[in-house]
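A.B. asks: Please work from the sequences and hints to get the whole structure.
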Amino acid sequence: MQFKVEQVGAPTGVARATLLVPLLILLLVTFGLIALFSAGYSMSLREPTAAVARQLAYTPIALLLGWLAWRVDLDRLRELRWPLFGLVLLLLLLARMPGIGRMVNGSWRWIDFGLFRLQPSDLAKVVLVILVADHIARWQRRSLPIREPFVTLSGRQPYLFTRGRWEDLRDGFLRPMLPVLGICAGIALGPDLGTIVLCCFVAFAMLFVGGARLSYLGATLALGSVAFTYLILNWGSRLRRFLSFLDPEGRQGDESYQLFQGMLAFAVGGVTGAGPGNGLQQRAYLPEAHTDFVFTIIGEEWGLVATVGVAGIYLLVFHLVMRELRACTDLFRLSLALGCVLFLTLQALVNMCVVTGLLPTKGISLPFVSYGGTNLVTSAVLIGLMLNALRDGGRPALRPAVVPASAP
Amino acid sequence: MSLPHARRPRLRILVWLVSAGFALLLAKLVQLHAVDGPRLRAKALEARSERSERPSRRGEIRDRQGNLLAATDTVWDIGLDPHVLAPEDRARAPEVAARLGLPASVVLAAFAEERRTRLDASGAARDVRWIVLAKEVDEARKREVDALGVRGLYGQPRFRRAYPQGSLAAHVLGYINHEGIPVSGVEKTFDDLLRGQDGWVESERDGRRREIVARRLRDVPAVDGQSLELTLDSVIQSACEEALAQVVRQHRPKGAVAIVSEPRTGRLLALACWPTFDLNRFNDREAAPLDAQRNRALADIYEPGSVFKVVSVAGALESGLVTPDTPLDCSADTVPYRGRMVAMPGDSHRMGVEPLRAVVWESSNRGTVQVAMRYAERHGEERYVELLRGFGFGAETGLPVAGGEVRGILHAPSRWDGLTISRLPMGHSVSVTPMQMHLAMAAIAADGLLMRPLVVGRVLNPDGSVAIEYAPRPRGRAVSAAAARQMADLLRGVCTRQGTAAAAEIPGYDVAGKTGTTQKLVNGRYSSAHHVASFSGFLPASDPRLAITVVVDEPTGSGVGYGGKVSAPVFREIAQRAIRRLEIPPANPAPRGRLVAER
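One line per chain: the protein sequences are A and B, in this order.
Per the working numbering, residue 1 is the first one in the first sequence, and the count goes up by one each step.
Per the working numbering, residue 1001 is the first one in the second sequence, and the count goes up by one each step.
Just so you know, the hints here were simulated from the structure itself, not pulled from any lab data.
Please note that a few of the clues may not be correct.
Quick list of simulated restraints, FRET-style, between CB atoms [claimed, not checked]:
#1 A/Arg170 <-> B/Ala1086: 54 to 60 Å
#2 B/Ala1034 <-> A/Thr49: 29 to 35 Å
#3 A/Ala57 <-> B/Ala1086: 34 to 40 Å
#4 A/Val305 <-> B/Gly1152: 38 to 44 Å
#5 A/Ala57 <-> B/Glu1144: 44 to 50 Å
#6 A/Pro48 <-> B/Arg1143: 31 to 37 Å
#7 A/Arg323 <-> B/Ala1034: 29 to 35 Å
#8 A/Ala188 <-> B/Leu1017: 23 to 29 Å
#9 B/Tyr1154 <-> A/Pro48: 23 to 29 Å
#10 B/Ser1049 <-> A/Ala57: 35 to 41 Å
#11 B/Asp1219 <-> A/Met97: 53 to 59 Å
#12 B/Thr1074 <-> A/Leu56: 48 to 54 Å
For the chain A half of the interface with chain B, some residues (derived, Cβ under 8 Å), not all of them [what the hints assert, rightly or not]:
#13 Ala205
#14 Ala267
#15 Thr345
#16 Met352
Quick reminder that beta carbons are idealized off the backbone N, C-alpha and C, glycines included.
C.D. replies: Right, here's the structure in full:
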């Protein structure tokens, strides 16, 4: 018996991204380890290599989990989305509990499991992507062009708000917003404003590409901007901190100390860098050189060539994935891959913009490069899921129609 | 179901937006790395670069026995980095104040939150990283403060000049002011040697201001200053100062000077001035008024009076115009001189025709003037002044002690008036410093050689090796050796019962010397109430090892301040202690010595 598998659009074979992306990621991890080697001196003068050793120890774990994410059955995972959502909310709540959660830099973001520390917001990112992608694929009917025009040719005034329109709004837009809001609320317990903004942006972009109506998106953007502005203005010292990035040199004494020192690192690096191991800005000038400001170490030691190179790698990964996406036929997998790559790219972009003074300072790390096990593992899982989705995305969107060849 | 065709543009828009973000980042990176680079790089390197001084230690000053006269201590300036100070330590300000011996309010103010920044000239806030709390805290107190464990409290070491002997030889040593600039004394003259060469370290530091040793560019070690070993003898110096204090108690003068040196080498053994001051408190107007800081031996001039007669007599002896036995008519009121009659000065008591010997012993003005007149008639007045200059008058002595030395006043014959020839020989119409007079007398003792005065015997390197050794060196010959010996012989008689300075006699030693009593010019007239009493002499006369000069300015009290009455006892007091100190054997050997020889 023969089966005819209908190919809808995508080419067969291993996608280019599947080969290139892991290689590029490996390059990033290497950069991160070298930078960490330099930064080790500012973390512990006695054991400058301890951080590198710890980060190296996380690498196989990240590889394993990334591989699992690559091999996992996405449809099975999709079915588990609501239990996962519940788990994430629970973890986010636990992180806020004194005694279970840990406070770092005035923010509850960590759960200490003794052996390792988990940042629930990282897990939340993965779940968020699955939930939104699922919704886009499930409810795309609701985002098709409006069936009931406002003006009819007959001249009869239609109802402004019909049942059909409400169902469009509810199922096409409000439904996915609920889990997004839930996760954002959970992260806000931290609080971790940077991650909230990132999650909103990614969800927004996914809905945008997924076909949500521009009127809904526009209204949401407007509402979100108002809410964000309100938060900034009324959140104690936020405004001052928020705006301090505009004048790092003038505020180098307090709010912008770290930012300004980071900018100095780029300047010292110049075009070709001071040389590996010769960077000094991380020597107690930059308190968080190994995590959020790791890009500055690269800038100082390797110069413009390396910073542009690193930024270029992220951009290249993004473009490679976007290219593959065009051939993707399955909307769930397309959205999933899009969400994953956006989390990586936007997080990287935001981090690099922050340390160069283009965006206000937020605690957002550079994926694969910054020190930290959860960061590495989460990024690897995102990449694994993305490649997983791309691998299967080229298949026919519908279950392959099994048609006996002998049928008439 | 694939992405609806209509949504493809949305994907493209997203790609463009993200790419635009990266383009913006690229522009910013180029700006940071390359465009703003040089300016910001200079800023970063400036913040990192560290140039720290390695202060050198100033050399010590010791006397010739090695007793420390000037030393360099390490003291600490205690200050605070308000950014390192922990908030919980703010409450400990009173403790810190107590250990530092400061009022609590001062430390509390320094510990205050608002002292963390200050406004600079342009009104911008600047971080304050150093607030000085106490200066020049000694080692022990610094350790007490350290023991408190208050973070941010640091000590900055520095050197402080200290004079362990206080006022001893204050005018010879001089001092360093608070700016480190030498003001007077050998501290000033030998500053080039005493001062070391500061070293420095050029390096980089990290954000906590710790030096990164691997980045050290230059490390120039400090070279400590050289030490001076003076020719002074602390025992003789303090003998002088005590003797002056004694005469001050008795006669309440305005000032007094005592100088002791080795005549044959020119080495200064002691130089004492009164009033004096504590070198460690030079800044204290009460304890050390400027008047007390003046080196009267170099900066003050006086009319030397009879002591000066030595010079004329020695010159006349040298040229053979007189011998100790030459008779001189001390009763004549006028004497012919170069075709005119010159009025003679008065004498304290009338004398007849006396031999030169007696003229010197009894210090006859008329006799001495006639000797000088003979000299001037035979050789000319110019040569007479040259004779005086040969003894060092009218010129700086070359004693390497900075102290506003003056040359005194010795007029050339062209500026003489009719009476000068009758006044100059007896030490009027001429002004000298005590040091000049002392060296002239020392020249008689040193067989007519005017020695260069030495105050520094050796200069030692920091490791103790000898860098410079100052050997005795004559400045010139004042008179012939024979004349000097004859003169010394005459001067021995002064310090006996027949002379004017019986009070200077020391049993067992033959002392040579000359008294001087000068009326001071007060309101243009010689005053009979204001005197300078001086005595200058040496011993043993046959082989002089000590020359001592004592000048007492305006002694008051018991009648007229004759040099023999006021200064000669001081001379004797100093000489006796110096003899013991230097173990100078008496001229007449003690009977015990003979016993030993017979046995």
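A.B. asks: Per the hint of 29 to 35 Å, is the separation of the Cβ atoms of A/Arg323 and B/Ala1034 within bounds?
C.D. replies: holds (31 Å)
A.B. asks: The hint names A/Met352 as touching chain B; please verify it with the least Cβ-Cβ distance against 8 Å.
C.D. replies: Result: holds, 5 Å to nearest chain B Cβ.
A.B. asks: At the C-beta level, are B/Ala1034 and A/Thr49 separated by a distance inside 29 to 35 Å?
C.D. replies: Check passed, 33 Å falls within 29 to 35 Å.
A.B. asks: Is 53 to 59 Å right for how far apart the beta carbons of B/Asp1219 and A/Met97 are?
C.D. replies: The hinted range 53 to 59 Å holds for B/Asp1219 and A/Met97, with Cβ atoms some 55 Å apart.
A.B. asks: For the restraint on A/Ala267, tell me whether the closest CB of chain B is nearer than 8 Å.
C.D. replies: holds (3 Å)
A.B. asks: The hint says 23 to 29 Å between A/Ala188 and B/Leu1017; measuring C-beta to C-beta, is that right?
C.D. replies: Between A/Ala188 and B/Leu1017, where Cβ atoms are some 26 Å apart, the hint holds.
A.B. asks: Could you tell me whether the CB distance from A/Ala57 to B/Ala1086 stays inside 34 to 40 Å?
C.D. replies: About 35 Å separates the Cβ atoms of A/Ala57 and B/Ala1086, which means 34 to 40 Å holds.
A.B. asks: Measuring from beta carbon to beta carbon, are A/Arg170 and B/Ala1086 in 54 to 60 Å?
C.D. replies: holds (57 Å)
A.B. asks: Cβ-Cβ distance between B/Ser1049 and A/Ala57: within 35 to 41 Å?
C.D. replies: holds (38 Å)
A.B. asks: If you check the beta carbons of A/Ala57 and B/Glu1144, does the distance land in 44 to 50 Å?
C.D. replies: holds (48 Å)
A.B. asks: Quick check on the hint: A/Thr345 CB to chain B CB, less than 8 Å?
C.D. replies: holds (6 Å)
A.B. asks: Does 31 to 37 Å hold as the CB distance between A/Pro48 and B/Arg1143, or does it fail?
C.D. replies: holds (33 Å)
Violation of the numbered hints given earlier is absent; every hint is satisfied by the structure.
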